[in-house]
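So you can see what is in the structure, the chains are spelled out below.
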Amino acid sequence: MTGAIAIGLAAGIVAGLLGVGGGVLFVPALVLLLGLDQHQAEATSLLAIVPVAILGTYRNDRYGNVRRADALTLGVLSLAGAAGGVALANALSGTVLRYSFAALMVIVAVQLTHRTLASSAQASVDTEDG
Amino acid sequence: MQVAAEQTRHRSLKLMAIGTLAGLFSGLFGVGGGSVIVPLLVLWLGYDERAATATSLAAIVFIAGFAAAVQGLYGNVHLLDAALVGVPALAGVLIGSWLAQRLQARSIALLFAAVLLASAAELVVR
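Residue numbers (numbering that gives the first Met the number 0), protein chains in the order written: chain A, 0 to 129; chain B, 0 to 125.
Just chain B, same shape as in the assembly:
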């Protein structure tokens, strides 16, 4: 009984640590925080990768929604531009998860990594 309570407490503390880290990361960089949440759920709470990704997405709804609201108070949110990238992304998610069942993601992952490196370089030299 006491052991079970202890475990529940540990679990809550781990969730709290992951949530706080992810929130800081998301607010600081303007991203969802999945790259913090997913590996920590796998490492600390024994999640498999699929459940970690799905649970992380659900948490991101709260994290990004709240962080966007706070950024709104600073006057930084551009609604039209958000729609301009966010709405096509919805169609993209449907295409992407359809493709995921049908093709080897390896070359796309490497291509994406290359795009990230090129964009990072452009942000720096800008």
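With the rest of the complex left out, here is chain A:
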């Protein structure tokens, strides 16, 4: 339980710092630390994401970064897809879903590493130019 709280805190820090990481950390934490199965962990992660996204939106909106009309359009147009995704998840076995999720984590890790190395390479170019 203490571990889950610590992971929740860490997931929030990473989300605030890097702009990724809510669900992609919640799901493994719920499986590995709290013993939920993959379906329960994904469902529970979705609920845990909501307050985090609300807080993040509120903070960003103060800086005028949220394009409200587009966000609302995206949100409303995503509902059919979301229902389909949930139905698909529930049609798959826990094992298939868990392996797919592991693959997703690897992709996010690679993407993040690539982005980080690319941006620090850019930063060093900028420094050399300056």
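Footprint (simulated), chain A over chain B, 3 or more residues, beta carbon under 8 angstroms:
| no. | segment |
| --- | --- |
| 1 | 13 to 25 |
| 2 | 47 to 53 |
| 3 | 58 to 71 |
| 4 | 78 to 92 |
| 5 | 95 to 102 |
| 6 | 108 to 119 |
Some residues of chain B that are not near chain A, with every Cβ distance over 12 angstroms (derived):
| no. | residue |
| --- | --- |
| 7 | Val2 |
| 8 | Ala3 |
| 9 | Ala4 |
| 10 | Glu5 |
| 11 | Gln6 |
Keep in mind that the hints were calculated from the coordinates and are not lab data.
Since the structure is predicted, the reported quantities are computational estimates derived from the model, not experimental observations.
The beta carbon of each residue, even a glycine, is placed where N, CA and C say it ideally should be.
On the provided structure of chain A, position chain B as indicated by the hints.
Just chain B now, kept in the frame of chain A:
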């Protein structure tokens, strides 16, 4: 006039495609869908990264909220466990965005990537 209407239609179609993809992704994996929304807003609609991240977060409120409700109908949502990770995460977001102004995120990004790889391995061998 006609050109403007055409552009608006294209824009709506792009938003619809992004929304549908993000919804599917979110519902299937139990994540927000930001890793789909952010790059597509940048690539297709010319958003800068900050506006893309902020707009994506706002859309995620709807996407994750609705997907969680549907999962609730399947009886998969564990309320107490959601609070156990979700509430500390709120404090984490405040700390994280405070830190973001003050430190180089590079080593944390790489550490996070390593944590993801280790957790992925653990999910597979489990």
